[in-house]
Amino acid sequence: MRHRYSCKDIGFVLYYLHFMDYTIKIGGEAGQGIQTIGETLGVVFARAGYHVFTNQDYESRIRGGHNYFQLRLSDRPIHCARCKADIVVALDREGIYRYEKELTDYGQIIYDSQSLKEKRQDAHFLDVPFVSLAVEHGGNKIMANTVATGAVLGMLGMDIDILLGVLKETFKKKGQEVIESNVNAAMAGYDYAVKNCIKCSFVAAQTTRPKMLISGNDAIGFGAVASGLKFYSAYPMTPSTSIMLYVASKAKEYGIVVEQAEDEIAAINMALGASFAGVRAMTGTSGGGFALMVEGLSLAAMTETPVVIALAQRPGPATGLPTKTAQADLLFALFTAHGEFPRVIMAPGTPEECFFLTNKAFDLAEKYQIPAIILTDQYLADSQWTYDGFDLSRLRYTDYRLRGEAFDKLTEYKRHALTESGVSPLAVPGDGTCVVVTDSDEHDEEGHITEDAELTIQMTHKRLHKKIEAIRAEIDPPKFYGTNDPEIVLVGWGSMYGLLREAVDSLAGKCKIAMLHFTEIYPMADINKFDYIKVLNNAKRAICIEQNVTGQLAQLIALEHGFRFKERINKYDGRPFTLEGLIGEINALIG
Amino acid sequence: MPSLDDYKGQTPAWCPGCGNFSILKVFKEAMVELGLAPHQFVVVSGIGQAGKFPHYLRCNTFNGLHGRSLPVATGFRLANNKMPVFVVSGDGDCYGEGGNHLIHGIRRNLNIKYFVHDNQIYGLTKGQGSPTTMEGMVTKNLPYGVLSTQLNPLALAIALNCTFVARGFAGDQEQLKYLIKEAASHQGFALVDILQPCVSFNKVNTYEWYKERVYRLDHTYNCEDRAEAFKKSLEWGDRIPTGILFRCRRPLFEEKIPFIQDTSLVSQPFDPSKVSKTLQEFFV
Numbered sequence: 001m002r003h004r005y006s007c008k009d010i011g012f013v014l015y016y017l018h019f020m021d022y023t024i025k026i027g028g029e030a031g032q033g034i035q036t037i038g039e040t041l042g043v044v045f046a047r048a049g050y051h052v053f054t055n056q057d058y059e060s061r062i063r064g065g066h067n068y069f070q071l072r073l074s075d076r077p078i079h080c081a082r083c084k085a086d087i088v089v090a091l092d093r094e095g096i097y098r099y100e101k102e103l104t105d106y107g108q109i110i111y112d113s114q115s116l117k118e119k120r121q122d123a124h125f126l127d128v129p130f131v132s133l134a135v136e137h138g139g140n141k142i143m144a145n146t147v148a149t150g151a152v153l154g155m156l157g158m159d160i161d162i163l164l165g166v167l168k169e170t171f172k173k174k175g176q177e178v179i180e181s182n183v184n185a186a187m188a189g190y191d192y193a194v195k196n197c198i199k200c201s202f203v204a205a206q207t208t209r210p211k212m213l214i215s216g217n218d219a220i221g222f223g224a225v226a227s228g229l230k231f232y233s234a235y236p237m238t239p240s241t242s243i244m245l246y247v248a249s250k251a252k253e254y255g256i257v258v259e260q261a262e263d264e265i266a267a268i269n270m271a272l273g274a275s276f277a278g279v280r281a282m283t284g285t286s287g288g289g290f291a292l293m294v295e296g297l298s299l300a301a302m303t304e305t306p307v308v309i310a311l312a313q314r315p316g317p318a319t320g321l322p323t324k325t326a327q328a329d330l331l332f333a334l335f336t337a338h339g340e341f342p343r344v345i346m347a348p349g350t351p352e353e354c355f356f357l358t359n360k361a362f363d364l365a366e367k368y369q370i371p372a373i374i375l376t377d378q379y380l381a382d383s384q385w386t387y388d389g390f391d392l393s394r395l396r397y398t399d400y401r402l403r404g405e406a407f408d409k410l411t412e413y414k415r416h417a418l419t420e421s422g423v424s425p426l427a428v429p430g431d432g433t434c435v436v437v438t439d440s441d442e443h444d445e446e447g448h449i450t451e452d453a454e455l456t457i458q459m460t461h462k463r464l465h466k467k468i469e470a471i472r473a474e475i476d477p478p479k480f481y482g483t484n485d486p487e488i489v490l491v492g493w494g495s496m497y498g499l500l501r502e503a504v505d506s507l508a509g510k511c512k513i514a515m516l517h518f519t520e521i522y523p524m525a526d527i528n529k530f531d532y533i534k535v536l537n538n539a540k541r542a543i544c545i546e547q548n549v550t551g552q553l554a555q556l557i558a559l560e561h562g563f564r565f566k567e568r569i570n571k572y573d574g575r576p577f578t579l580e581g582l583i584g585e586i587n588a589l590i591g
Numbered sequence: 001m002p003s004l005d006d007y008k009g010q011t012p013a014w015c016p017g018c019g020n021f022s023i024l025k026v027f028k029e030a031m032v033e034l035g036l037a038p039h040q041f042v043v044v045s046g047i048g049q050a051g052k053f054p055h056y057l058r059c060n061t062f063n064g065l066h067g068r069s070l071p072v073a074t075g076f077r078l079a080n081n082k083m084p085v086f087v088v089s090g091d092g093d094c095y096g097e098g099g100n101h102l103i104h105g106i107r108r109n110l111n112i113k114y115f116v117h118d119n120q121i122y123g124l125t126k127g128q129g130s131p132t133t134m135e136g137m138v139t140k141n142l143p144y145g146v147l148s149t150q151l152n153p154l155a156l157a158i159a160l161n162c163t164f165v166a167r168g169f170a171g172d173q174e175q176l177k178y179l180i181k182e183a184a185s186h187q188g189f190a191l192v193d194i195l196q197p198c199v200s201f202n203k204v205n206t207y208e209w210y211k212e213r214v215y216r217l218d219h220t221y222n223c224e225d226r227a228e229a230f231k232k233s234l235e236w237g238d239r240i241p242t243g244i245l246f247r248c249r250r251p252l253f254e255e256k257i258p259f260i261q262d263t264s265l266v267s268q269p270f271d272p273s274k275v276s277k278t279l280q281e282f283f284v
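Protein chains in written order, with this note's numbering: chain A, 1 to 591; chain B, 1 to 284.
Calculated directly from the structure, the hints in this document are not laboratory data.
One or more of the hints may lead you astray.
[Claimed, not checked] Computed cross-link-like contacts, DSS-like style, restricted to lysine-lysine with a CA-CA straight-line distance of at most 25 Å:
id : chain 1 : residue 1 : chain 2 : residue 2
1  : B       : K277      : A       : K168
2  : B       : K274      : A       : K367
3  : A       : K414      : B       : K274
4  : A       : K252      : B       : K203
5  : A       : K252      : B       : K274
[Stated by the list, open to error] Derived DEER-like restraints, expressed as beta-carbon distance ranges:
id : chain 1 : residue 1 : chain 2 : residue 2 : range
6  : A       : D452      : B       : G237      : 40 to 50 Å
7  : B       : K8        : A       : D452      : 37 to 47 Å
8  : B       : I103      : A       : F335      : 55 to 65 Å
9  : B       : E212      : A       : L464      : 30 to 40 Å
10 : A       : R564      : B       : I103      : 47 to 57 Å
This structure is a prediction, so every number in the text was calculated from the model and none was measured.
Note that CB positions come from ideal geometry on N, CA and C, so glycine has one too.
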């Protein structure tokens, strides 16, 4: 097995270090509040107008163990996580041991020696008495995390006012006393850091216009809501659950029925029932749950019932690493389910793409009456990115259903009528006097069971061949970024986008490099729109980079286009690439 | 008012003498008497001889997968709570493959009426044991006979506080029509287990076998007493009670979702104008 590059191997300096680009890592046990500190800092930085990228690593437990929340902030756009930390907030001893070797040259670990019962003298450590400052200034030790949050801002030399504003909003319902205690605790941490962090050399850039901060899964949920979603049924499964939570948070406002099904089989069948009744429906799960949905996926295809499925990947087989990340279900999503039928698979690389491709998935599912799958993974699902906004004019919403008067005036209706496009009118049962009939058996135009050979061929062509080319024509080609005549092309899909993009930026000074990101991954885009295979053929080296063992995108490109990658970088330890780790791997290949 | 002709569907492919014919006949009659035209209700079915039922009728139809009709019906009903939803299933479909859905369907208490054609055998796959096949009965795939205890669906439903639990018999059309109409008018989830002889593969539970044993529950029986109903549901063997075993009122699932009370979900248009306000919420 090839040597895996880790942070301590990285000797080179990234070219853009003169920009503000800091990484803050908060480590501690589950239940200690690392997420609260991380999320609060994320809000403060976004409000201050910085570009923020956050990601999380957690274990499959509610208390104990060791988790981290990592934030990267910059005054220029950023798209992935780095492996070196400038500030570490260690809430447990493990946080010190794990991350002291990941510190930058000027990095600092802040910790509370009294709580951790461990004292470090080295210049990289700043002992901040989180607990005693919390008791002294906030009146309660539970404000230790607020002290720590204030201390981080003090170290960065940032204005504390935004944090104080966030605290006032967060604790508004708990009353003035709680607000004041938290404000005092934050101030105490801030002042302590300003006074005592003599080694701190951080310079905060000027703040600008506030940015929006959004995670991958929230963006999928929001994308669904913005596409007219009316029904969401799912069984909880990490890392997909937060999509259901987002949709549920909008259920009352938008009039969306959210139902927790007894299992994933029920989840997809409920979605199909709701869709057949005439509303836009969706379900979400991870690999194991998707395995249970497979039969329903085939049912969606046969009955030509639109449905959108979010598949948030984690490492398998079986239960695998329940809270970690992987890209190992691409070929599963593509080839699973009995029979032959069209499907669409979207593989967004950023929260913005999560939003717009969920919208496109709904549009294509409804227009062509097919299942559409959104492939994400734990890394993207739980990452937050900042934006100046989303261009909502790009949203598509067309109601393709035959409903109301348009259906009622018909005296004859065939649910599966054979048409030139392969798409039959999709009527809403009850809106007209004609009945709507569909069947999981092969059926005739009316929807009744048939075993007729000729009709079977006609229906197969209708469902598959007639639709697939029309769908392909709507698929955007892979995203190209970098120099126009690259010698090295990095290839990836889904959550690899940000890493590949920053790797291209980092290596651009050294070689002629570009990337291809397969975003709307299946059906593969028509090469007449943009000949991405030519880009691969013309490059001296094409490297396919994926978070799986077998190189699933590489296999798919070989299958569809006959192009075979000679070089691949694959990571399959459940942890995402870091920028430096990936660059180390690329350098090892290209020399 | 609809007439029987309105419900004329495809020609049934069932075996001559199948108990399903009389269920189909009385179901159509019940719909006429209830004044439900074919486009005004939906029948969701699964796989098995019973799964073909809606094709032999004329009505809105979703003939889905084996065991999965109840989840489809659940999604449908939540999307359109103004339309009556019937599920037609067999003993393998409902009690075997779909057992988990039945448990949770009863818990939800949606206004769904579940008619189970219970012939105590697998008909479509030609004679394997089903969950309601009697213990010890020898079938082609079970040389030592059925080794598991026979499932008692009515006891299960009453234990789960199902709001309407009944047993019909395909050989008693008068009572069966009454049960279908009562179930259709009931507010809540209804399970009607219909004993229905399979003339091809069940040589034990024949018309004669049932006729010797079934008896109608009469007016002396109080179907609102759950403990009594549970006791009654355990009766099987020499005497088999038919009729409404248990009936109660629990709040409907649909009633707990305020925004679908006046207008069903499917009749509520999407309002994209809210989206920009929602986007602002991400400016944290």
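Hints, verified against the model:
1. K277(B) <-> K168(A): Holds - the C-alpha atoms of K168(A) and K277(B) are around 22 Å apart, at most 25 Å.
2. K274(B) <-> K367(A): 23 Å, holds
3. K414(A) <-> K274(B): 36 Å, violated
4. K252(A) <-> K203(B): 55 Å, violated
5. K252(A) <-> K274(B): 13 Å, holds
6. D452(A) <-> G237(B): 40 to 50 Å: 46 Å, holds
7. K8(B) <-> D452(A): 37 to 47 Å: Given range 37 to 47 Å: violated, Cβ gap about 21 Å.
8. I103(B) <-> F335(A): 55 to 65 Å: For F335(A) against I103(B), whose Cβ atoms are near 33 Å apart, the range 55 to 65 Å is violated.
9. E212(B) <-> L464(A): 30 to 40 Å: The hinted range 30 to 40 Å is violated for E212(B) and L464(A), with Cβ atoms some 54 Å apart.
10. R564(A) <-> I103(B): 47 to 57 Å: 51 Å, holds
When the structure is compared with the earlier hints, violations turn up for hints 3, 4, 7, 8 and 9 and for no others.
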